[in-house]
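If you read the sequences in order, they're chains X and V. For my numbering, count along the first sequence from 1 and bump the result up by 651. For my numbering, count along the second sequence from 1 and bump the result up by 75.
Simulated from the structure, these hints should not be mistaken for lab results. Hints may be right or wrong, so weigh each one.
Stated by the list, open to error - Using C-beta positions, here's what the derived DEER-type ranges look like:
#1 X/GLU762 x V/GLN100: 33 to 41 angstroms
#2 V/ASP127 x X/GLU703: 18 to 26 angstroms
#3 V/ALA141 x X/GLY779: 18 to 26 angstroms
#4 X/LYS686 x V/ALA141: 45 to 53 angstroms
#5 V/THR123 x X/LEU698: 17 to 25 angstroms
#6 X/GLN733 x V/THR123: 41 to 49 angstroms
#7 X/GLU703 x V/THR226: 38 to 46 angstroms
#8 X/LYS776 x V/PHE154: 36 to 44 angstroms
#9 X/HIS778 x V/ARG196: 47 to 55 angstroms
Backbone N, C-alpha and C fix where the C-beta goes; we use that ideal spot for every residue, glycine too.
Here's the letter readout for the chains.
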Amino acid sequence: MSFINYSAREISCKIVYYGPGLCGKTTNLQYIYKKISPDSKGKMISLATETERTLFFDFLPLALGDIKGFKVRFHLYTVPGQIFYDASRKLILRGVDGVIFVADSQVERMEANLESMDNLILNLKEHGFNLEELPYVIQYNKRDLPNAVPVKEMDEALNPRKVPAYDAIAPKGDGVFETLKDVAKLVIMELKKKS
Amino acid sequence: MLNPGLVLFEEDSRLIDKELQKLNQLARAKVSFLVDKDGQLIASIGETGDIDTTSLASLTAGNIAATGGMAKLLGEKEFSILFHEGEKDNIHISLVGQRAILVVVFDDRSSLGLIRLRVKRSVTALTEVFDKLAEKMAKTDSQQGGSSPFTEITEEDIESLFG
Ligand SMILES: Nc1nc2c(ncn2[C@@H]2O[C@H](COP(=O)(O)OP(=O)(O)OP(=O)(O)O)[C@@H](O)[C@H]2O)c(=O)[nH]1
Ligand SMILES: [Mg+2]
C-alpha cells in the first residue's frame, strides 16, 4: 500500500509486474533501469536462478520527481512466472497499489497467459483485493515474433473489461514506458480519489 | 480496500526517530531502521552512509514475508524474530505489531544479549506509536478530506513526472 510520509515529504507506491514464465517481466525492468538517469533510480535487485529465471522477485526503486512538493517514489516488483513459485508470487502482491499484466503474444503461450491471469485474480483475492478495483493495465509483449496472436484476439481472451492495453517489444523498449506511465497515472489518481 | 496506505505525520516521525536513536545508542548498534511490511523504509538511524537502505528495506520485507509463509506451512502463526550472523556484521529483525519491521545491524561492539534486551523495549514503545497512528488514521478517514497533497493533483502534474 502507498506510504505517505509528511516529515520526509515523500510518497511511495508499489507496482507489480505479473504474468507467465518468460513473458518478459524482468526484461521490462531491465529496460527501465537502463534508460532512467542515475539520480532517479536506486539499485535494481534480482533474486534469480543461475539461468536468470526470477526466483523470488526483481526490485527497482524509482524517484521520478515531485508533485505538490512531495517526492513521488515508485517501487517496481516482478513476480516469478513459473507455476511452481506460486507461494512467492502471492507474497509479492502484499500491499500492491497497481498491477501490470505482461502477456506473451506467442500463440503457444496463450494457455499460459490465461492460467496466469486466473492465478493473479485468485492471489489478489487472498490479500483481500479485487482486480476490478485496482489500478491495472495489460501489456502484450513479444509483438516482434512471427507467431504473435493478433491483438484483437488477445483482447478477446485477456481483456474483457477493456482496460488500457499496450503492444510491446520489451528488449527494444517499445511500449515499456507507455505501460508504466499509464499504471502510475492510475495509481496516483486512485490516491487522489481516496484523499 | 483491505488496509489503507500508511500515513506518517511529522510528530509520528519524530517519535519514531527518537526511539530508534535511543535504541541504536543503548544497544551499541551500527544501524537501526524501521520498515513497512510492504517493503518501504519508514526511518533509519546510525551509520547508514554506505548502506543502500532502500534495497535493504525491500529485502527485509521479502525475508519476513518468506519466513511468514514458512511459519504458516508449519502451523505457526509467525516467526517474530530473525537473526542472521555474519563474519563482521549481524542482523537482528523483529516484528513491530502487524505493520512494521525493526532491523538492527550490529558488530562485536555489541552482543546478541544486549541487542535482544534493547530491541524488546523498543518494540513495546514502537508498537504504542503505531497503535496510536492506526487510531488517528481511522479518525481522519471518517472525517473525510484532510490535508492530503493529492486532493488538487492534475493530469499535467503526473505527466510532468515522466518528462
Ligand atoms: N523476441 C522477444 N523476446 C523477448 C521479449 N521480451 C522478452 N524477451 C525474451 O524472453 C526471455 C525471458 O524474459 P524475462 O524478462 O526473463 O521473462 P520473465 O517474465 O521475467 O520470466 P520469469 O522470471 O521466469 O517469470 C528473455 O530471453 C528475453 O530476452 C520480446 O518482446 N521479444
Ligand atoms: Mg523474471
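Right, here's what the structure says about each hint:
{"no.": "1", "hint": "X/GLU762 x V/GLN100: 33 to 41 angstroms", "verdict": "violated, 58 angstroms"}
{"no.": "2", "hint": "V/ASP127 x X/GLU703: 18 to 26 angstroms", "verdict": "holds, 22 angstroms"}
{"no.": "3", "hint": "V/ALA141 x X/GLY779: 18 to 26 angstroms", "verdict": "holds, 20 angstroms"}
{"no.": "4", "hint": "X/LYS686 x V/ALA141: 45 to 53 angstroms", "verdict": "violated, 31 angstroms"}
{"no.": "5", "hint": "V/THR123 x X/LEU698: 17 to 25 angstroms", "verdict": "holds, 23 angstroms"}
{"no.": "6", "hint": "X/GLN733 x V/THR123: 41 to 49 angstroms", "verdict": "violated, 36 angstroms"}
{"no.": "7", "hint": "X/GLU703 x V/THR226: 38 to 46 angstroms", "verdict": "holds, 44 angstroms"}
{"no.": "8", "hint": "X/LYS776 x V/PHE154: 36 to 44 angstroms", "verdict": "violated, 25 angstroms"}
{"no.": "9", "hint": "X/HIS778 x V/ARG196: 47 to 55 angstroms", "verdict": "violated, 32 angstroms"}
The structure is inconsistent with the numbered hints 1, 4, 6, 8 and 9, although it conforms to all the rest.
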